[in-house]
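Trainee: Model the placement of chain A on the given structure of chain U, informed by the hints.
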Amino acid sequence: MKTEAATTTTFDIEQIRAQFPVLHQQVNKHQLVYMDNAATTQKPQVVLDALNDYYTGFNSNIHRGVHTLAERATTAFEATRKAAQRFVNAAEPQEIIFTKGCTDGINLVASSFGRSHIKAGDEIIITAMEHHSNIVPWQMLCQERGATLRVVPVTEAGEMQMDAFEQLLSEKTKLVSVVHASNALGTVNPVKEIIQKAHAVGAVVLLDGAQAASHLEVDVQALDADFYVMSGHKVYGPTGTGILYGKRRLLEAMPPYQGGGEMIKEVTFEGTTYNDIPFKFEAGTPNISDIVAFRYALEWVESVGKANIAAHEQQLLQKAHELLQEVPGLRLVGTAREKVSVASFILDGVHPFDVGMMLDARGIAIRTGHHCTQPLMKRLNIEGTARASFAVYNTLEEVGLLAEGLQYIAKRMR
Amino acid sequence: MEKAPINTIQDEIIEEFELFEDDRNGKLEYLIDLGEKLPALEEEHKVDNNLIKGCQSKVWLVSERTADRLKYKADSNTAITKGLIALLIRVLSEQKIGDIARADLYFIRDIGMNTFIGSQRSNGFANMINQMKLEAALAYQEMEKE
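Top to bottom, those sequences are chains U and A.
In the numbering used here, each residue's number is its place in the first sequence (first place is 1) plus 1043.
In the numbering used here, each residue's number is its place in the second sequence (first place is 1) plus 118.
If you are wondering where the hints come from, they were derived from the structure by calculation, not from laboratory data.
Don't take each hint at face value.
[Claimed, not checked] Simulated crosslink set (BS3-like; lysine-lysine; CA at most 25 Å straight-line):
hint, chain 1, residue 1, chain 2, residue 2
1, A, Lys251, A, Lys176
2, U, Lys1421, A, Lys164
3, A, Lys155, A, Lys121
4, A, Lys191, A, Lys164
5, U, Lys1421, A, Lys176
6, U, Lys1454, A, Lys176
7, A, Lys251, A, Lys191
8, A, Lys189, A, Lys155
9, A, Lys171, U, Lys1421
10, A, Lys171, A, Lys191
11, A, Lys214, A, Lys251
12, A, Lys121, A, Lys191
13, A, Lys189, A, Lys263
14, A, Lys155, U, Lys1454
15, A, Lys263, A, Lys214
So that you can see chain U by itself, here it is in the shape it has in the complex (with noise of 0.2 Å):
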């Protein structure tokens, strides 16, 4: 069900910010302004009501009981997988792998596809604007397998340098994992014309879309991805949850990912035959509370439109820019072309953690440092950035408070 994309006059920001409980707070004396939205966002009531019902209302374990709330909490878990079948558009609910995350969901990649697929001499290919979680599975592998990794260079403004991409990719690539939008700078990344260009020498490509699933329409069969990762937590959903998509018939050829209950079909002592897919790489109990109540997350940013919070969030990044750049010694880190709603920046001669403390004091919480990014911030020659980024309950007036601390900083510690 994909709710009609209403037009932004109906764009009801109190109406929205009323759904968040958490952000009626205050923060040492001044209104929270929460900022770190990247990093995780907040949650919306119904969210948290779905998180109440699990537990209050037909806690159980799923796919193997015969009562009635065994059966409630097996409906509920899988009704969230068909939610996320439609929230990337996949092509059936199967493709949809559960993960606790990003991170987890490329590590099940790296290492079930990787370690059946990969081998000596091959290559992969990654960007130099990938979270560690993105490059750290990928070394691993090679060094296992005597592979190579690649890295594309991005340019000073924070862009993927597609003619250094075209020239890494050859016969013995076999896999490109890039980032959709990168959480320290917002690019967003060419990603249809990557798929293309990969898959015409023969490479599967991995969209890592922890940033990008709050902000932008996914389709990953018009993008024609082979796996997408995503976070629940990065998109008002609870944390520990996630959700790898893959296509059927690669993660048909791939071996499990662990061992255990739920993925077999027999097992014996001789030797075990496996589930099919999603079960397949779905060992164990899984987190069953916060998979239930992911669903909700994913529907209510559905029944809001993509394409209204995005209209909203680029109107935010904009005033953002604005404002940032009216304070003196500010410059803003990472000004591709297109961005999702991260406004990173450095305060010359004071250091991000300063700001970042500064900023606390009055209530505004953002994130300071490295972004798990230290290779892209090698490249950019700099240690770290301050980061605010923007979410769909942020406000225009909160844009504002922002730009007056920061030039409240600037003119005391400059």
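Mentor: Frame of chain U, contents of chain A only:
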């Protein structure tokens, strides 16, 4: 002039910070002021060997023993951490080595800066306290041998 005991200095600091009540910004500004007054560490000491690595802020620490006392000098690349360092030096530097090693630094919590201790990943400050105590313990061993 004899240095006041560790806990006397801690109590003085707590009293100073009480003026701010729960004005977080005021406290941070005061820390920044204290940091600005702390003499900068000579460049020759700002080497990797003296670096206490936190995730975000860098802290350099050197110590020097005279008889049964230990003198500390330190610096940081972040202004707020530097202010906290100024407080630590005020409390611990030139104290008796045994007293440093045994010190319970309750003032950090009492002035509302325990967040610095809790989040090891974001700050070198907690590591700095550990390092100061470690150096005192090592100096104590050295002293015992003499």
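Trainee: Now tell me, hint by hint, if it's right for this structure.
Mentor: Quick rundown of the hints versus the structure:
1. A:Lys251 - A:Lys176: 18 Å, holds
2. U:Lys1421 - A:Lys164: 21 Å, holds
3. A:Lys155 - A:Lys121: Status holds; Cα separation ~19 Å.
4. A:Lys191 - A:Lys164: The hint holds at about 11 Å.
5. U:Lys1421 - A:Lys176: Given that 25 Å is the threshold and the Cα spacing comes to 17 Å, the pair holds.
6. U:Lys1454 - A:Lys176: 23 Å, holds
7. A:Lys251 - A:Lys191: Distance of about 14 Å is within 25 Å: holds.
8. A:Lys189 - A:Lys155: 18 Å, holds
9. A:Lys171 - U:Lys1421: Cα-Cα ~17 Å, so holds.
10. A:Lys171 - A:Lys191: Between Lys171 (chain A) and Lys191 (chain A) the Cα gap is close to 16 Å, so the pair holds against 25 Å.
11. A:Lys214 - A:Lys251: Within the cut-off at roughly 12 Å; holds.
12. A:Lys121 - A:Lys191: 16 Å, holds
13. A:Lys189 - A:Lys263: 20 Å, holds
14. A:Lys155 - U:Lys1454: Holds, because 19 Å separates the two Cα atoms, which is no more than 25 Å.
15. A:Lys263 - A:Lys214: 17 Å, holds
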